Structures are given as C-alpha cells and as structure tokens.
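Please put together the full structure from these sequences, using the hints given.
Here the sequence shown is numbered in the working numbering, starting from 1 and rising by one per residue.
Hints listed in this document are in silico derivations from the structure and should not be mistaken for laboratory results.
Just so we're clear, the structure is a prediction, and the values are computed from it rather than from any experiment.
Glycine is no exception: its CB is placed at the ideal position from the N, C-alpha and C atoms.
Worth double-checking, as some hints may not be accurate.
[Stated by the list, open to error] Okay, the calculated beta carbon distance ranges per label pair:
#1 68 to 39: 39 to 49 Å
#2 24 to 48: 13 to 23 Å
#3 20 to 54: 13 to 23 Å
#4 63 to 99: 11 to 21 Å
#5 64 to 100: 32 to 42 Å
#6 58 to 25: 15 to 25 Å
#7 8 to 40: 46 to 56 Å
#8 45 to 10: 34 to 44 Å
#9 104 to 74: 37 to 47 Å
#10 10 to 54: 31 to 41 Å
#11 10 to 104: 36 to 46 Å
#12 38 to 102: 15 to 25 Å
#13 68 to 41: 39 to 49 Å
#14 24 to 44: 17 to 27 Å
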Amino acid sequence: MARPDGSPPLTRIKRRAGVFLRMRRALRWFPPMLADVVRGRYRPVPWSALLWMLVALVYLISPLDLIPDVLLVVGLVDDAMIVGWLLTRVDRALEGYRAWRENDG
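Next up, the structure:
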C-alpha cells in the first residue's frame, strides 16, 4: 500500500535509516578530519563542516530552543531532529575529505 506521497512504506523506512547512517558517519568522520586539519595534513579546510558542527553543538547546549525542553518528550525530539538534520549537513560537507582519506590519506 502506497502512501499519499507515492512511496511505499518500505522505501520510506529505508530513507529514514539512511538519515541515521549519515548522522553516524558524520560523527565518525568529523574527529579525524579535525585532527588532519589541525596537523596541516588536509587542505582545503572544510569550513562548512566546521560551521554545521558548531551550529549543532551550540543548539544542543543553548537554553533557547524552538520547542523548550520543559515539554519533556516533544522538546527532546525537537532537539534530536534539528541536530540530526545538522549532522546530515556535516556528512555532506565531509564528502571531499572522505574521498581524500580513502585515496590519499
């Protein structure tokens, strides 16, 4: 049975799983990239990855949220969704670094 957007449920589940994989990949690749940048081994510096990660960290520790954490479940889900979205941006910004690391690094 297809959803109103035309995609079958299994396709939607796979797409959602892909988001979690991108989040995990961003968290796995960011520390080595940062170490390589600090050591001067990797240039050009992926400024967008650094910026997206900074925004994610600031959003996590900031007391200002779209939905306050006082609304326990909804507030935490809000944080998880926004930080997850930001981590997918980090993952996208690290594509060049991953290619460099797999070929040259």
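Hint by hint, here is what the structure shows:
Between residue 68 and residue 39 the Cβ separation comes to about 41 Å, which falls inside the hinted range of 39 to 49 Å. For residue 24 paired with residue 48, a C-beta distance near 19 Å keeps the hint of 13 to 23 Å intact. At about 22 Å, the beta-carbon gap between residue 20 and residue 54 stays in the expected band of 13 to 23 Å. Residue 63 and residue 99 have their C-beta atoms about 38 Å apart, which leaves the hinted 11 to 21 Å range violated.
For the pair residue 64 and residue 100, the supplied restraint of 32 to 42 Å holds, since their beta-carbon distance comes to about 37 Å. Under the hint 15 to 25 Å, the C-beta atoms of residue 58 and residue 25, about 22 Å apart, fit the expected range. Taken as a hint, the range 46 to 56 Å holds for the pair residue 8 and residue 40, whose Cβ atoms sit roughly 49 Å apart. Range check, residue 45 to residue 10: Cβ separation about 40 Å, and the 34 to 44 Å hint holds.
Between residue 104 and residue 74 the beta carbons are some 45 Å apart, a value that agrees with the proposed interval 37 to 47 Å. Between residue 10 and residue 54 the beta carbons are some 36 Å apart, a value that agrees with the proposed interval 31 to 41 Å. Our hint of 36 to 46 Å for residue 10 and residue 104 holds, since their Cβ atoms are close to 38 Å apart. Distance hint for residue 38 and residue 102: a CB-CB separation of about 20 Å, consistent with the stated range 15 to 25 Å.
For the hinted restraint 39 to 49 Å between residue 68 and residue 41, the CB-CB distance of approximately 42 Å keeps it satisfied. The given range of 17 to 27 Å is respected by residue 24 and residue 44, whose C-beta atoms sit roughly 25 Å from each other.
Comparing the model with each numbered hint stated earlier shows that hint 4 is the single one that does not hold.
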